[in-house]
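Enquirer: Start from chain A and add chain B with the ligands according to the hints.
These protein sequences, in sequence, are chains A and B. Be aware that the first sequence starts at 1, since it is given in the numbering used here, and climbs by one per residue. Be aware that the second sequence starts at 1, since it is given in the numbering used here, and climbs by one per residue.
Hints listed in this document are in silico derivations from the structure and should not be mistaken for laboratory results. Because the structure is a prediction, the values reported are computed rather than measured. Any given hint could be a false lead.
[As the list claims (entries may be wrong)] Here are some chain B residues pointing at chain A (derived, C-beta under 8 Å):
1) 346
2) 350
3) 355
C-beta: ideal position from N, C-alpha, C; glycine also.
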Amino acid sequence: MIEVEIDGKKFQVEPGKMIIEVADQIDSGIGEIPRFCYHKKLSIAANCRMCLVDVEKSGKPLPACATPVTDGMIVRTRSQKAREAQKAVMEFLLINHPLDCPICDQGGECELQDVAMGYGQDISRYNEGKRSVKDKNLGSLVATEMTRCIHCTRCVRFGDEIAGMQELGTIGRGESTEIGTCVERSLVSELSGNIIDLCPVGALTSKPFRFSARAWEMEQAPSIAPHDCVGSNLNLHTLRQKVMRVVPRENESINETWLSDRDRFSYEALSSDERLLQPMIKENDEWLVTDWPTALTLVAEKLGKIAQEQGANKIGALLSPSSTIEEIYLSQKMLRKLGSNNIDHRLQQIDFSAQDSMPFYPGLPMSLEDIETQNTLFLVGSHINHEQPIAGYRVRKAALLGCSVFVLNPADYTFRFPVQDKCIVKPSAMPNVLAEVIKVLLEKGIEEPVAGLRELVNAVQPSEFAHTLAAALLTEGKKTIILGAIAQNHSHAGHIKQLADALAKMTHGHVAFLTAGANSAGAWIAGGIPHRGANKKNLTHPGMNTQQMLEARLSAYLLLNVEPGLDCANPLLANQAMSTAEFVVSISPYFCHKVASYSDVLLPSVPFSETAGTFVNAEGKWQSFKGAVQPQGEARPAWKIIRVLANLLELPEFDYQSCDEVYGELMQKVAENKADSHFSLSIPSYLPQTIVGIERLTEWPIYRADSLVRRAPSLQETVINDSPVARMSLDLANRLQLSADCHVIVKQGEGEAILPVELSDTIPDNTVYIPAGFGLTAELAAPFGAISIERSDS
Amino acid sequence: MSITLNEICFRTLHQHEPWTLATYEQADGYQALKRILANKTPSQEIVEQLKVSSLRGRGGAGFPTGLKWSFISPSTPAPKYVVCNADEGEPGTFKDRDILRFNPHQLIEGMIIACYVVGATDAYIYIRGEFYEPIARVAAALEEAKAAGYLGENILGSGVTCRIHFHVGAGAYICGEETALLESLEGKQGKPRFKPPFPANFGLYGRPTTINNVETFASVPVILMKGGNWFLDLGKPNNGGYKVFSVSGHVNKPGNYEIPLGTPFSELLELAGGVWKGRKLKAVIPGGSSAPVIPGHMMMDLTMDYDCIAKAGSMLGSGAVIVMDDSTCMVKVLARNAEFYHDESCGQCTPCREGTGWVARVADRIEHGEGTERDLALMTQVAMAMVGRTICVLADSIALPVVSFMKYYREEFEYHVKHKRCP
Ligand SMILES: Cc1cc2nc3c(=O)[nH]c(=O)nc-3n(C[C@H](O)[C@H](O)[C@H](O)COP(=O)(O)O)c2cc1C
Ligand code: SF4
Ligand code: SF4
Ligand code: FES
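Isolated chain A (complex conformation) (with noise of 0.2 Å):
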């Protein structure tokens, strides 16, 4: 430690410190050395030197924000020395910049106003004409003023730094130097809209929110992001009863001080013209419009009439995966006292097999910084910096710091960080490559960890990458395998996590699951899955997952926010499941004409914004918000609907008179019997054939991940947002005689859809891409497995 003075005061602090982070110490006491170029978050830049301060001994002020603090020093931020230099720095900055603040979004949270207030001279000397520079085209994301920019490279060094991707550089020199994108063309990176934040003048704006509000007049609430299993923190900004915007809110153990652009900006879908807002029914294929009493009779009715007649079983309840914890222990509680199990949120899966080995609820094993720790870390069937916007930025840091990170992915994806070698194969060939890597392993001498794993990889013949990885895996230190999106939508997802599982035992390192939507975890631990009650509770008699519920033809569904077509593995099945359902409920935020033309019932609930509630991130950390605005229209919290249904079923124990009562409930069942996540190592009888010609692989793009993000306008408009195309090889299109301008018929067992061929070295031989949560791909079945191709002529 040593000891410096600032403005009179004293400090102990660590040595290597900047002068400015010792001022910012929130109890220094010291006020606000003003400063453009410096963010705590990003490297020093030190170019705009409006953070000049008065340092004794030394002859010129120096910058607070890359001057280290020595013993004895004596530092001066307000001294005559100081106040005259950082004036003529705020003059030069003023010089240039255009005086339209009356105009500018950022007015009234901008840091050159704030700054100019206490520095800035009311009358200019300089009476040159001022630059003008021509504005850039983003994208649909960021919007642009470029005669404002002051030149700070804070957005610059985001790219650089924390987004992984040089988007935005300065671009000539002097006078003349611009901020820009060098060719002109839209931001790619899914973390692009924390550049608004960073900019500290109004060069950078948000585009959705151009124009739309002042700052001072809005509301600031707390929230947590509903799309990934992140959790972020965030702030909603509220005028009149909407969301205006959304921006971080700092944490530093889950997302920092960033946001993903898929949190920042689907706000624009809560005041969307599809928001349903008030009950309607069926009656003779037309739609009514109804009040809340009589559509729910109206559901009880029905729902217990056919448990009566036809028995529980024959309901089913789908959850999106996104629903608050609430909402996912009173659906299953409803369910279960009605005499059903049939109930999932794992809508994107198709494969059960080891659900029974899972851990209290799929997650990591760690806390997401703690990923920043790992040696090695392997990414299995994960694009992760798309599925998990902030958890990629977390491995980036994690490369950075010289983790070796190791993927095996059925395409060759752009991480944002450093790969240390990676296997890319078809979809169905992944389970072999954790078999030969297991296999290594066991040559090596490594014991196996249960028997008969021996003989089952037997066979495999190792690639290199096997040699590799398993050389890094058994190095010291802390390893994680990660399973992503395609390793838990896999057709033998079974398979990848208990080869996963025995990997992770021979080499003592964990596995983690990256899991879908913003509480996964939530509904595992409040009994969202059919074969375990709340709190892990073992199951005589296991419900239906998903896939049987929809093969299963039940007789009712109860949907709550879920889009079947677009949010379940198999569309196909799961809209005629639907159509043939002889009553569908749907409890959602939107209306959907899909949804609409097999339900029978259709109550409107609201989004996280308008409601209480609470989502369990991937560590497992609850993080409950309250809703930022009330309800819109006769829209109400899913809760309080399945709470007043189970109420009309006449059901014991529904007596909730708010969320946080039903939070309380299940809180206790948590703390009272602490869940054992231990589970025996199991090993699969077999290994799956690799399928031997096209087969299909398939992601829920990031901006069609979810009801709420798929009616964002902005982001459906960028350019990382998939259209639903058939992306394949030019080897596999040469052979099938395809070109990029061409359709083609895709057929999958009873599906067929037509679309658009896209070319990319990206994708694997033999393999075609074909994402999902498109209208045009719900017309095919699973999200992988063989698929026939033939040129369309239409």
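Expert: Chain B with the ligands alone, transformed into the frame defined by chain A:
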């Protein structure tokens, strides 16, 4: 004339094809290196000789070379680098060009010795892009040296490895600033880095790096051959040796003159043939365009060395002596100079990016008779507002000259404002 010219970098200038290895070797070339390799002279001893010689950096800042070379030692963990600054961009300076053209081997020998001293195996020459002939000469010399076993692995059987790579710049003045040069060498935009850390700690690719000017390196072999004291005695205390002065402007014989430091300016002027057309000396910029101007009569009392010129309020800089006769419009000189720095600012620092243009515009306005009384004060104030507040000293390089021009030639600026023309 009593001065002996050309003792150090230009010592072979009079010989036939002095740039060839043969000529250089005949003039005891590579002897210093051979001796060091044969005797395994400890680095410290070499550094000691350089300290004694009081050789100061010839690139502009005049930093003591021996001290600089002592920052990195053979025990500093590798990789580490030696870099030669051959970007010579300072207006008025053209000495490195001639060293590169006429004595490339002496530079190479100096660099190999530098590598030996700091324990680097790789060195780079960053050479100005417009230097067509020097580039060819250096490239040929490197080939010759490699073929003769002075460069490469296990040079002269000593077990020492030394490779020299060269990189051609793309014509930005700022790339002569050492950290901008390193950025550029790394393939990035040539923008100076904030210091500290200095290159000795965080240089090329973030590794310890010794960077010197062409003339600095080329002086080293002769110093080591003849001894630090010999070199020191050629000049004056704290200003050892000979230095090349590039004399340009209104003289009869513009050119490079390698003379002892401490030589009176009047003698240098005489060497250069005196002021041309029989005119009177008006002003001198003694160390390149970034050095403050000194009125002619003051200059006649000064000697050409770092300390004396600094005491007079300017700097010896790169040794570019720009001589102006009494027909010169000082307003125009400043306006032209300001425009150069405006054009060459890399633009990262607010004061430099905005200030250089502002100063240039005001100066231009005054020159063209559009200035006001207020502009005279404004120009100095804006210049002063830049000084000492930026990442590199490019901003100071125009700010300080502005102050000097206004100090000595204010009436000319006032005349322009009042009469809208030169006096
Ligand atoms: C704007 C600017 C331009 C410079 N240009 C050159 C140059 O062209 N050549 C050079 O040798 N040094 C130049 N320098 C000085 C270098 O930064 C550095 O001081 C020098 O290369 C160190 O070598 P020395 O110690 O041998 O002088 C420049 C400095 C500045 C600030
Ligand atoms: S656009 Fe904004 S963040 Fe980027 S350099 Fe300009 S002022 Fe800074
Ligand atoms: S002073 Fe000028 S040239 Fe030097 S770093 Fe700053 S902006 Fe660039
Ligand atoms: S904040 Fe320190 S120089 Fe910009």
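Enquirer: Confirm or reject each hint.
Expert: For each hint, the structure was consulted:
For residue 346 of chain B, the interface hint holds, the least distance from its beta-carbon to any beta-carbon of chain A being 5 Å, beneath 8 Å. Hint on residue 350 of chain B holds. Least Cβ distance to chain A is approximately 5 Å, under the 8 Å limit. Contact between residue 355 of chain B and chain A, as hinted, is supported at the beta carbon level, the nearest pair being about 6 Å apart and thus within 8 Å.
Checked against the numbered hints above, the structure violates none of them.
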